[in-house]
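Protein chains in written order, with the UniProt record's numbering: chain A, 1 to 177; chain B, 1 to 177.
Don't take each hint at face value.
The list cannot tell twin chains apart, which means a pair is met if one copy fits it or any two copies do.
[To be verified] Quick list of in silico lysine to any residue cross-link-like pairs, SDA-like style, CA-CA up to 25 Å: (1) LYS104 x SER43; (2) LYS123 x SER78; (3) LYS123 x GLU150; (4) LYS104 x TYR70; (5) LYS166 x PRO7; (6) LYS104 x TRP35; (7) LYS166 x ASP83.
Don't read these hints as lab results, they were simulated from the structure.
Number of protein chains: 2
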Amino acid sequence: MADSSAPTRVMMAVNESSLKGYPHPSISCRSAFDWMLSKLVRSNTDGFHLLFLHVQVPDEDGFDDVDSIYASPTDFQSMKQRDKIRGIHLLEYFVNECHRLGIKCEAWTKQGDPKEVICHEVKRVQPDLLVVGSRGLGPFQRVFLGAVSEYCVKHAECPVITIKRKANETPQDPIDD
Amino acid sequence: MADSSAPTRVMMAVNESSLKGYPHPSISCRSAFDWMLSKLVRSNTDGFHLLFLHVQVPDEDGFDDVDSIYASPTDFQSMKQRDKIRGIHLLEYFVNECHRLGIKCEAWTKQGDPKEVICHEVKRVQPDLLVVGSRGLGPFQRVFLGAVSEYCVKHAECPVITIKRKANETPQDPIDD
Numbered sequence: 001m002a003d004s005s006a007p008t009r010v011m012m013a014v015n016e017s018s019l020k021g022y023p024h025p026s027i028s029c030r031s032a033f034d035w036m037l038s039k040l041v042r043s044n045t046d047g048f049h050l051l052f053l054h055v056q057v058p059d060e061d062g063f064d065d066v067d068s069i070y071a072s073p074t075d076f077q078s079m080k081q082r083d084k085i086r087g088i089h090l091l092e093y094f095v096n097e098c099h100r101l102g103i104k105c106e107a108w109t110k111q112g113d114p115k116e117v118i119c120h121e122v123k124r125v126q127p128d129l130l131v132v133g134s135r136g137l138g139p140f141q142r143v144f145l146g147a148v149s150e151y152c153v154k155h156a157e158c159p160v161i162t163i164k165r166k167a168n169e170t171p172q173d174p175i176d177d
Numbered sequence: 001m002a003d004s005s006a007p008t009r010v011m012m013a014v015n016e017s018s019l020k021g022y023p024h025p026s027i028s029c030r031s032a033f034d035w036m037l038s039k040l041v042r043s044n045t046d047g048f049h050l051l052f053l054h055v056q057v058p059d060e061d062g063f064d065d066v067d068s069i070y071a072s073p074t075d076f077q078s079m080k081q082r083d084k085i086r087g088i089h090l091l092e093y094f095v096n097e098c099h100r101l102g103i104k105c106e107a108w109t110k111q112g113d114p115k116e117v118i119c120h121e122v123k124r125v126q127p128d129l130l131v132v133g134s135r136g137l138g139p140f141q142r143v144f145l146g147a148v149s150e151y152c153v154k155h156a157e158c159p160v161i162t163i164k165r166k167a168n169e170t171p172q173d174p175i176d177d
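Isolated chain A (complex conformation):
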């Protein structure tokens, strides 16, 4: 049976792995992506249009560079340029996967506080559904980590699906992803 209505536009917030480094997607967002393909999109590849958003947190990305010396405005420019390239490589993974499966998609990066930027982009782009992966941390760990998924469920102006990382995928330090 053909799907005559407009495709369902699914926006997905994706981020880098803190373990495997550039340009690997985090365990949470990769597992959320796989889940979405197998459980929602299924064989109905024409019925969905995927929108990938990567929000870069400038401070966090620069965290490993405590020994770097910034001596001129150009040094910051090149750092920003490098961050941008990392983000684009991350998105490349998802766009390639969609292309392989024949699913239409778009991807873009933004800078800022992920939870606020995600909700702002939902308002701007108006997807039918927002998908957010979650590490499934306890309340104590969440306080220090921003709880992006919790914020989005409350504030995003569209239905939100929260997909927790599976227990058997949790790394030794659950804060890693």
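Go by the hints and put chain B onto chain A.
Positioned in the frame of chain A, the structure of chain B alone reads:
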């Protein structure tokens, strides 16, 4: 393209309307059901298996009956019997809709605290996805109303989709549904 894998099992928590009374589904859960059909199931009716759970709160159901006189154990039995029948009529709405659309489904009722029973049933039934409607109340209103969706997002052992009631569907008193 045929979908060869097992259908995606979607569990949905449904409740009665506080406005229209028996046996109408609440605005939130009806809108969540319609959204799920048009945006996720789409034309892929063979790819999904829907599971409807109605959790009855005995105290709440008896609230209108402040003038009733309970004189014997039989009076309670008949109240419980009546509650059960109301729940069954509510489920009938969803089962009929699925039957009309050719989507396989199952429906059942349980008694207890909705948020705890829902998470318990997720553990027992192991659906791929839990759908919960939400009135989209603010933090002050939520304190007094249990925040079923918020609890399920944190505690249910499967991905959870929260679908907020639309602004144009909110009744005069937002606590109504």
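Results for each hint:
1. LYS104 x SER43: Both: 14 Å inside a copy, 18 Å across copies.
2. LYS123 x SER78: neither (31 Å within a copy, 50 Å between copies)
3. LYS123 x GLU150: both (17 Å within a copy, 21 Å between copies)
4. LYS104 x TYR70: Classified as neither; 41 Å inside a copy, 62 Å across copies.
5. LYS166 x PRO7: between (29 Å within a copy, 21 Å between copies)
6. LYS104 x TRP35: For LYS104 and TRP35, the Cα distance is within 25 Å both inside one copy (17 Å) and across copies (21 Å).
7. LYS166 x ASP83: Answer is neither; intra-copy 29 Å and inter-copy 38 Å both fail.
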